[in-house]
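Visitor: Sequence:
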Amino acid sequence: MDAAADLQRRAMRINIRTKFSIFIGILLLLMVVILGSLVLRGIRYNQRGDYEEFLFQQVEVANLYLTQEYLSSSYMRPQDYLNIKGSQIAKQLGVFSNELVVLYDLKGEEIGSSNPIRRKSDTQEILGFALDGKIAYQTSGHSIHYMAPLKIHNTQVGVIQLLYSVKQQQTFYNDVKKLFIASGLLVFIASLAISIMYFNSFSLDILKLKKNAEGIRRGEYSTVILPRRDELGELSRSIHYMGNQIRDSIKEIREERDKLKLAVAKLSALEKQQKQFIGDISHEFKTPLTSMRAYLDLLEMYPDDIQLFADAKVAMLHETTRLHDMVNRVIDVSSMEKYQFELNIERIDIKKIIESILRRMKGRMEKQWLRLNNNICEGYAYADKELIEHALVNLVDNAIKYNYYGGEVSVHSYCKVDTLCIEISNTGGIIPREEGDKIFEPFYRVDKNRSRKTGGTGLGLALVKKIIEKQNGIIQLKKSDKDGTVFLLCLPTSIP
Numbered sequence: 001m002d003a004a005a006d007l008q009r010r011a012m013r014i015n016i017r018t019k020f021s022i023f024i025g026i027l028l029l030l031m032v033v034i035l036g037s038l039v040l041r042g043i044r045y046n047q048r049g050d051y052e053e054f055l056f057q058q059v060e061v062a063n064l065y066l067t068q069e070y071l072s073s074s075y076m077r078p079q080d081y082l083n084i085k086g087s088q089i090a091k092q093l094g095v096f097s098n099e100l101v102v103l104y105d106l107k108g109e110e111i112g113s114s115n116p117i118r119r120k121s122d123t124q125e126i127l128g129f130a131l132d133g134k135i136a137y138q139t140s141g142h143s144i145h146y147m148a149p150l151k152i153h154n155t156q157v158g159v160i161q162l163l164y165s166v167k168q169q170q171t172f173y174n175d176v177k178k179l180f181i182a183s184g185l186l187v188f189i190a191s192l193a194i195s196i197m198y199f200n201s202f203s204l205d206i207l208k209l210k211k212n213a214e215g216i217r218r219g220e221y222s223t224v225i226l227p228r229r230d231e232l233g234e235l236s237r238s239i240h241y242m243g244n245q246i247r248d249s250i251k252e253i254r255e256e257r258d259k260l261k262l263a264v265a266k267l268s269a270l271e272k273q274q275k276q277f278i279g280d281i282s283h284e285f286k287t288p289l290t291s292m293r294a295y296l297d298l299l300e301m302y303p304d305d306i307q308l309f310a311d312a313k314v315a316m317l318h319e320t321t322r323l324h325d326m327v328n329r330v331i332d333v334s335s336m337e338k339y340q341f342e343l344n345i346e347r348i349d350i351k352k353i354i355e356s357i358l359r360r361m362k363g364r365m366e367k368q369w370l371r372l373n374n375n376i377c378e379g380y381a382y383a384d385k386e387l388i389e390h391a392l393v394n395l396v397d398n399a400i401k402y403n404y405y406g407g408e409v410s411v412h413s414y415c416k417v418d419t420l421c422i423e424i425s426n427t428g429g430i431i432p433r434e435e436g437d438k439i440f441e442p443f444y445r446v447d448k449n450r451s452r453k454t455g456g457t458g459l460g461l462a463l464v465k466k467i468i469e470k471q472n473g474i475i476q477l478k479k480s481d482k483d484g485t486v487f488l489l490c491l492p493t494s495i496p
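Using the numbering used here, read the sequence shown as starting at 1 and increasing by one per residue.
Because the hints were derived from the structure by calculation, they are not lab data.
Each statement offered as a hint is correct.
List time: in silico EDC-like cross-link candidates among lysine to aspartate or glutamate, alpha-carbon distance up to 16 Å:
#1 479 - 435
#2 251 - 220
#3 385 - 355
Listed next, with one range per pair, are the computed distances between beta-carbon atoms:
#4 435 - 359: 26 to 34 Å
#5 225 - 275: 51 to 59 Å
#6 416 - 343: 20 to 28 Å
#7 245 - 432: 50 to 58 Å
#8 231 - 197: 16 to 24 Å
#9 217 - 435: 47 to 55 Å
Using N, Cα and C, we set each Cβ at its ideal position, and we do this for glycine too.
Take these sequences, add in the hints, and give me the full structure.
Guide: Written as structure tokens, this is what we have:
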């Protein structure tokens, strides 16, 4: 329904270009009509003034002539003189004015005409005005019937009628009217075309602004600036700036939203890890405590059993040592996660450090009849010496701890581009491929029973991973199969 209504509204809507054209056309047409009407009216008024002045002068001449003739001819009454001489005076006045002249007495009766055989017209209405001493005229076709009082010594003695032809004035008026219509139509068409062409640029630019605004509404914020120096140009620049601001604001909002999602995900992961950590550490602490509690219960039941006392002493020493190591490792791992230590990065001799560690571990390897294979190259890395030594001790200790009697421990180092790599391997148990990443998680152990026998806490590799990563290094399980398990450690040979 909304789509159909929108289409109907668009069909009924007149675009701005059409509105401009209609408005300009109506305005120009109105101007041409008004201008033509004013000019034609001025011509008509001018023509009327001319013939009114001309006819008035003709009446004045007639009155003057009549007065002169009357004074020079007799001493009879003016009305009687006019009745007697009317026809003669009318003809004479017709000769003077070159117009048809008709004379009437005060009763409205015709007493003389310069053309007695003329076709008479109905002039009774204006004749009445003239008999009352007023000037009146009427137009009939191409002629004007003009009537005025006829006077002798300023005394009205009759009425004079002049028949004046206005055909020439009417022809001139009609010619001017036709000229105005033709020229007005031409000017209208030319002006309309020029105006449409001129205002077309305005309408096109307004349509561009509309397109820019619709693009912003759809999420397209790259707008085109109009090359104008007027209000439309300023508006286009404002729309362009607004689009950029909206785009930047939306980008910032999305970035903040992504950061918030990431933070929420991290918090959820941390909460999960925290619960897992608490559960694991509770379980790990409970196991040695349960073992010691069991021996204490047995000693309470058999206080005189010397062998039991000796076994309990060895077991409790083992479990308390394991608890002590576990607490220290937990503190180390928590510190690495919570605090940003100031690392003492320096150029260290890796070969010297590894050889020192192997010398210290030699006794333990001989105790388990382990063979040592080492191929250590000369190499330097940029790292914290104390932390790297701690990590390498953990790796070598695991290689010895999780090995078979008569097995083998190998330490191999080599240099790559900007990296020094160390491989530490043993011939112990196989770590399944799917558990290759899990072994670096706190408290994770592949063989829990064996780890308890060897005193493992499940925190060593987690601590090693954090130490190496804080120094821009890499630690990973390279492989684990029947031929042995290999851990790969890489350190940068240049300042990070």
